[in-house]
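**Student:** Got chain X sorted already, so can you dock chain W onto it with the hints?
Sequence lines, in order, name chains X and W. Using the numbering used here, read the first sequence as starting at 1 and increasing by one per residue. Using the numbering used here, read the second sequence as starting at 1 and increasing by one per residue.
Hints are computed from structural coordinates only; laboratory data are not their basis. Accuracy of the hints is not assured; some may be wrong.
[To be verified] Distance ranges between label pairs, derived from CB positions:
| # | chain 1 | residue 1 | chain 2 | residue 2 | range |
| --- | --- | --- | --- | --- | --- |
| 1 | W | Asp-425 | X | Thr-131 | 34 to 42 Å |
| 2 | X | Thr-131 | W | Ser-439 | 34 to 42 Å |
| 3 | X | Gln-197 | W | Arg-487 | 47 to 55 Å |
Idealized CB from N, CA, C, for every residue including glycine.
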Amino acid sequence: MNRTDDVTGFQTTGHEWDGIEELNRPLPRWWLMVWYACILWALVYFVLYPAWPLVGGYTKGVLGYSQRQTVAADLAKAQEAQSQWRQQIASADLTTIEKTPELFQFAVAGGKAAFGDNCAPCHGTGAQGFTGYPNLNDDDWLWGGSLDAIHTTIRYGIRSTSDNTRLNDMMAFGRDQILNRDQINDVTEYVLDISHQDHDAAAAERGKQIFTDNCVACHGEGGVGNQELGAPNLTDAIWLYGGDRNTIRQTVTNGRKGVMPTWEHRLDPVTIKQLAVYVHSLGGGQ
Amino acid sequence: MNDMADTGTITETGTVVERADVEAVNAKATRETLYAERVKIHPKLVHGHWRRIKWAVMGVTLAIYYLTPWIRWDRGPNLPDQAVLIDFANTRFFFFFLEIWPQEFYFVTGLLVLAALVLFLMTALAGRVWCGYMCPQTVWTDLMIMIERLVEGDRGRRIVLDKLPMSGSKLAKRVIKHALWLLVALLTGGAWVFYFGDAPTLMVDLVTGQAPIVAYTTIGVLTATTYLLGGLAREQVCTYMCPWPRIQGAMLDDESLMVSYRGWRGEPRSHYRKGESWDNRGDCIDCKQCVVVCPMGIDIRDGAQLECINCALCIDACNDVMTKINRPGNLIAYDSFQGLSAAAKGENHRFRPLRPRTLIYAGLIAVVGLIMLTALLMRTELDVNVLRDRNPLFVRLSDGGVRNGYTLRILNKEHDSMHVVLTLDGLEGGQLVLQGHDSGTVEVPVDDLQSLRAFVVLSPEATRKAMAAGEDVLDFAIVAHDTQSDRTSRNSTTFRLPEGR
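Chain W with its partners taken away, still in its complex shape:
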């Protein structure tokens, strides 16, 4: 507080009051609020190349989301005819020709890994295009804004409506808008549950109140979140809640394309009057059309920033203006840091899509894809698991022979029942006994898992011979052969003997 004292003031009583040159930490002039009210954004409708792409992507992604559960797929009797179905009750995941069992869940893991790698590649090539076009938050926000625009008009009219006092017509507009938002939200939540049950049946059950409670709860939760995040929170989700803007920095480099304002061409910016010369000034006429169309409410001319979702609506808006004032387009464009700085120096720079980073991402995608394809092709319809008893490892029999116990799990992924014949291979003097089965044939029902106990008995002579040779582990295989489909599965395992002698 007692910073360098300057000239004091002499009071009437003759004493001197020191004067300090200091500022309070929370001085009113510079004081910032701790919490800021949200600045409402009213994005203006824009027409153009990128907006058309955005409409198209929106249409396609929404169609995929809403219609996929309704695609039928004939799988024959006893199996659901829905092309994409997550069947929790029977722990199966149906995806067109694929039928994934719980132990094959790595296919789903692989798909997620692939999705992540594609996202990385996309970001390395063209920044946050995922955010701008395909992210569900963007798609539904765009849809909600479209509805708002239909009901309340475009930007200008919405701003006016906001300022008007409440009236009958304002109330009506608000009610219609929120009702439509809730309807979209309800349909969104509704479509989700169809992925988990037979869609036509579930539809009827939902309407007649017969559906399981979890279906209604799910719809309720998704309705609430869609309405809240897509309709009300919108850009706040991207700016404050989503971790992806923070992560993307690691995937971008100087060659990545991002929506950029070409300052070297636009600056110095100033208003333009018809007939004025374009010499000694930039192409930017500071009309702020790029700002009013931005769904994030930012000014792209401030450079790359966290809030930007790379949706390119500002490019459309600016190009529209450039055409009107008869200047070349793409003052705002997809450009890289390298491109921007090269152009500022008057050099030419070509976009380089092939860089170590993108090549590595693409290579990883190819590797994971190949691994998954191989796994898919090597998938077996007859799957046998052999689990050897570990307690006890072996049992001595009264005749001097030795017995080992095994648990066999036979999986029938076919849509026909199987007659599996089990035999031993490579164990001389061994005999296979199936508990509860008189013969070596087991019937495995359609789409089922059959678990059975099996004992392998080694004859006294073979036991003596093996033990005399100092063996305590014998390798052999249990062979399962399905007589119906002529499929065979060979499963290596071991036979244990007492040690010594």
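Just chain X, with the same shape it has in the complex:
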């Protein structure tokens, strides 16, 4: 088995790989010492720190160290560090926050995070909205796009359970038999007309009167909308549910009753302010 290597005069271990044999040479003793030192270190570590999983937990170690506690302490420290900003945001009004660069940055960063957690499911992660859920990036606002208007909407919601909720009623003109099928068709053509789309001119002419009788109260003369009442502008290029003939007809027939919950009881006032500033900063704020 073991043979002596001719060149070096040392014994081999008897192991051979592709004709190469390993010489049997002793390890340096200090190497062994280092290994013992490592074992000793492991034992010391085992005693001092959490080391071994057990069925109902783990060995805690005499130092009582815990990563969870460290994380909790770090989080508390981070909140502590943020508290002065949060206090300033709590006491400042929205315009001041937007005008103060440091506060604005802090508000936008916090608002963005809160938006991702609370608003993104309906409005999308980029606040781009979906059918029935407004795009918050654009310049078209149902209830107003000023800082205060956005803040009120977030705080109390739309058709929510809050006593202060924003509320309006787009009636179901067809379902409730206020208008008949022809009248609905005519008024639909009129809405297509004022929003600069292809339409039947004669029907639109007839629809104009129907619109004046039934819709102007909320949507205003010429359908320009009314943010006091949350009535959409029907002359622009932006539609919450869609601006094509079929969708408009459906909207007039059945009405619309979108709901946004109140966040008053779910988010603290500072977070709501941060959200308002963030949404306002998306580009469409007025």
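**Tutor:** Just chain W now, kept in the frame of chain X:
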């Protein structure tokens, strides 16, 4: 165990005991220990050509290491005046005229690639000369041995001192030696931290106990490792810890110069008495001077071996002896395998530095160097990054126009504040709006990065026109112009439109 039985022995009771010809696997005669004590090496001082080079390299490299942080470089106000500084707090790397920002870290990567290639080339040409002369382990070990020699004397006296029982004077020598080693180690660790802070300030802070804890920790760790590796472990590091001896085999070939014993001239070796004839014998008189001077404690006459660091001290020692016995020098010399075998056959062989291997290494060095030089020359002081919003890709506006959002990052690497005017180029009907800025001008502070939101609005007419033409992506550029320095940066990007109609 029952190998071929030979003649048995008949006992007194008449039974036969078999006799086997076998050897135990751990027979005492051939038994080797599992762990060997270290054989202490006492390298003897040698004088000569290569030793002088080694002293010089040692002096130069140590001077570079210790003095570099103290070189001043005037960068004007608000910037550190240290020529070489790794400024972690502001994430900058200052290197004389160069100021490297985090996103330009590829310069450092390039330098490391260059260093590796130079090491390859060096090894292909002359073996492990890096190990023998320039490696920090070698330099500091050499320094530690020098101190040991000053305190305890040269090889012979050190061996005697080792064997002497502990006494007052032996203890004193040992204490002085270790104290000096620790001092060198401390200075080594101390010099390192000066690369990471303003050296004069940090020096005062260190002495007065005001320096950051990380500075003291670093000094502590480097003091310990220098003392341990340079003073105590020495050649053990090269033999047992360093991967480079194992890797070098791939960089060497038969033409690489290595410290070699010219066996064809030296053998057969034997002692020499004055007046004897040199016929029928080699030049080696087996004085073992090559062994006693070797810092690795090896015998170069055994041929190329893993432990050899190519430091050539054995060449000096042997040449000294050759002069004394009046024989030609360079019995040990830098020679290649080709050179050795050619000479053994009586042929002439000239060293060939230009070989495919060395040419490839040199070519790669030139290419990497050129790339880095080009990158350096094309470096801009005004750097603008345009990141287009991807969510949402575009926003329809109530008047029928379309808006895209962008994040602009303007980098001012100049040592003056910038007034950057931002304009659009190549987008008809487009308008640039900067959030929080009434005009299109942005002030970027010195040595800073300004991040801002920008919106590009395309007018309803332009939107209709583009969509009628079936376009959903328009190419254009955001142009940044610094009025102060008259620098311009043109940044191509795209404008997205809804698809269809």
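**Student:** Could you run down the list of hints and mark each one as holding or not?
**Tutor:** Verification of the supplied hints:
For the pair Asp-425 of chain W and Thr-131 of chain X, the beta carbons lie near 36 Å from each other, so the given range of 34 to 42 Å is met. In this structure the hint that Thr-131 of chain X and Ser-439 of chain W lie 34 to 42 Å apart at CB holds, the actual value being about 38 Å. The hinted window of 47 to 55 Å between Gln-197 of chain X and Arg-487 of chain W holds, with their beta carbons roughly 48 Å apart.
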